[in-house]
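Could you slot chain A with the ligands onto chain D? The hints should help.
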Amino acid sequence: MALRVRERTSMSLYERSFLPEVVRGLGVTLRHFFTNLIFRGSWRYTETVRYPFEKRTYPERFRGQHRLLPREDGSPRCVACYLCATACPAYCIHIVAGESPERAVEKYPVAFEIDLLRCIYCGFCVEACPEDAIRMDTGIHTPAFLSREDGVVGRVDLLSLLGRPQTPEAFGAQNVREGKPRGQ
Amino acid sequence: MPTVTIDGQRLEFAPGQSIIEVATKAGIEIPYYCWHAKLSVAANCRMCLVEVEKAPKLVPSCQTPCADGMVVRTTSEKVKETQRSVHEFLLLNHPVDCPICDQAGECKLQNYYMTVQLTKSPMREPRLKKHKREELGPYVIYDAERCIMCTRCVRFMEEVAKERQLGVFQRGNHAEIGTFPGQPLDHPYSLNVVDLCPVGALTSSVFRFKQRVWYLTRSPSICSGCAKGCNIHIDQRSSIVYRLLPRDNDAVNQCWLCDEGRLTYTRANDARLTEPLMREAEAVEPLPVKKALPAAAALLQSAVQAKQPVALALSLSATCEEAFVVGKLARELCGATSVALFGYAEGVADALLKKADKNPNRAGVTAVLGGLGLTVTELAPFLKALNQKQPAVALVLGHELTESEVLAKAMRAHGNVLHVAATRTALAEAARVSFPSVSFAEADGTWISGDGRMQRLMPAFAPTSEARPIHTWVAELAQALGVTWMLGTPATIRAEMERVLPAFAAAKITHVAPQGQPFTPDGA
Ligand code: SF4
Ligand code: FES
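In order, the protein sequences belong to chains D and A. The opening residue of the first sequence carries number 1 in the working numbering; numbering runs sequentially from there. The opening residue of the second sequence carries number 1 in the working numbering; numbering runs sequentially from there.
Chain D extracted, bound-state conformation (with noise of 0.2 Å):
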């Protein structure tokens, strides 16, 4: 492929005083201002959600922070098979698979470890899955850490965390204008 140089050139006065763009862009929220304040129940009608108050509802599909399943035991489904760690891009998941006690499964993650700082919450890890031992349906955003230590979940967290309940069948903006969170 051919490299396209583009040249820097140094911005105008005009551009530099920034005040027409200032004014363009007020331009736009006031257009939007009056359109919701006419039009008000059309589709011209730009819908917003009151943030914090009210939280938009995430589809059915979305990816929050992971979980791992346990089994009926309460041990981890997981069998220490590294695919995950495989298939993820961004190097976040470290296992140390170890022999298990007993008889009936022979591997089992000795450490499981998820450095959420650099997970790219892509969903391959769970993709990659032979045992559907890992899920990203918790629907919980990545929390804030206060260091980086703190972003590295690992297997007793992972295992204690929830799936979102069944999702009920009406789902969307009518949802939220309810101000009900979907499945509370």
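Certain hints may be false.
Said to hold, decoys possible - Heads up, simulated SDA-like pairs for lysine to any residue below, C-alpha to C-alpha not over 20 Å straight-line:
| # | chain 1 | residue 1 | chain 2 | residue 2 |
| --- | --- | --- | --- | --- |
| 1 | A | Lys129 | A | Asn111 |
| 2 | A | Lys132 | D | Pro70 |
| 3 | D | Lys107 | A | Asp97 |
| 4 | D | Lys107 | A | Tyr215 |
| 5 | A | Lys132 | D | Glu99 |
| 6 | A | Lys54 | A | Thr82 |
Unchecked claim - Distance windows between CB atoms, simulated:
| # | chain 1 | residue 1 | chain 2 | residue 2 | range |
| --- | --- | --- | --- | --- | --- |
| 7 | A | Gln305 | D | Leu146 | 54 to 64 Å |
| 8 | A | Thr24 | D | Arg61 | 43 to 53 Å |
| 9 | A | Asn269 | D | Tyr121 | 32 to 42 Å |
| 10 | A | Gln479 | D | Arg16 | 57 to 67 Å |
| 11 | A | Asp350 | D | Tyr121 | 49 to 59 Å |
Bear in mind the hints are in silico, worked out from the structure with no lab data behind them. All C-beta atoms, glycine included, are put in the ideal place defined by N, C-alpha and C.
Same frame as chain D, but now just chain A with the ligands:
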């Protein structure tokens, strides 16, 4: 020479060669499981069936010798259909537990499934349940469900290890590999069956679950376990060595490796010395190189300037290049006439590979030091001298010896001993200053085996810590004493060696093939 036509290619063959041998050599791939170049032919997997003109049925190419004028087709529809069906059969009762199988990633079943089968399993019945995770011996674990009964492992024990520790039990679907009552699979070469097993039925309890194989980076090297100098592959990830595998070399180890040698992989990982240490009275403190080097050099310099004797001891695991620079230091700066050599104690030899001498480079170190006009001695005179405080300063280069306690005690009592080692042993604590050196996995240089074969050690990865080869530390010390040798890399050392030592002039390092070459101490 008689010829055979395989897939339209006319190929010459020696009488007795099988179709698969001739085809593989010519780069024509025929899938196979049970055939192995170094084992007898069993022809029980039926994966290698090919079409031979005028033959009524498909023939197993591993068992069928070539005949003059034979016309073989390996890619016809009939062959492909057969391969697909054979593979379906092999996978009939397979548990497909690849996620927890160590072989995944280097499994023939996986590879051939992708290349020849790619169909759903026709099995509608419940799959046969068999033993899983059965410990056959100290190092080998068997999973009967994954086994395809190729009997490679059984044939290895019978034909190469020459001890029938494995056998086939039961019949048909229920057939299993097993050991005999009261006789576990404890042969000193037992881990070879893990390599031989084309599927994940036999796994090594040492490597088990440590890593997935697709993460490992492989590089060629030489085993440090004994004087045989077996060719190996180092499998490492992030500078941690996870396993050693045999590398084919018909002149040395063919394609085998003893269990003892395989377990030496820990030498590259365990208790590594990562930074210089300095001992003041009883306290051993880590020290940056910037401080440790002048401290050590000052010690050495005071002795050299006062024309006091300096004694040296060198490990038999050092490379020829390291030995050369150490010899140079001994002769040119320390005025020493002899160097003491130490190493691991004598072990037991066997008929297959193992040598009694457990040191990988005795021949090389002696040849180099001898070539430099130094006499080599045992450790005893060195110890005696240390105990009598004869040398003002002593250097102990390397840590590879069995009885390190005696040496450590003498070093501690003497007080002015400099030490270079890859591992933090009692020696490192006993020395005045210790410098970290590289393990066999990071070393670059040559070793000469007990059979007189010069082989190249290639670094699998760069040292991650302050570790540097012995020759670098020695050259740095010489530099601090005001002598610049310009011997920074093994290549420059080799150039100098070839100039000084006639034996090495005949064996240029650039020519040391991956498979090694014969070496004679007199350069003939
Ligand atoms: S254990 Fe492996 S090598 Fe032995 S018969 Fe089964 S598949 Fe073949
Ligand atoms: S390789 Fe020929 S039958 Fe197995």
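Quick rundown of the hints versus the structure:
1. Lys129(A) x Asn111(A): violated, 24 Å
2. Lys132(A) x Pro70(D): Roughly 23 Å between the alpha carbons, so the hint for Lys132(A) and Pro70(D) is violated.
3. Lys107(D) x Asp97(A): The given pair, whose Cα atoms are some 11 Å apart, holds under the 20 Å limit.
4. Lys107(D) x Tyr215(A): holds, 18 Å
5. Lys132(A) x Glu99(D): Since the Cα atoms of Lys132(A) and Glu99(D) sit roughly 13 Å apart, the hinted pair holds (cutoff 20 Å).
6. Lys54(A) x Thr82(A): holds, 18 Å
7. Gln305(A) x Leu146(D): 54 to 64 Å: holds, 58 Å
8. Thr24(A) x Arg61(D): 43 to 53 Å: holds, 49 Å
9. Asn269(A) x Tyr121(D): 32 to 42 Å: holds, 35 Å
10. Gln479(A) x Arg16(D): 57 to 67 Å: holds, 59 Å
11. Asp350(A) x Tyr121(D): 49 to 59 Å: holds, 57 Å
Figure legend: structure checked against the earlier numbered hints; hints not met, in rising order: 1, 2.
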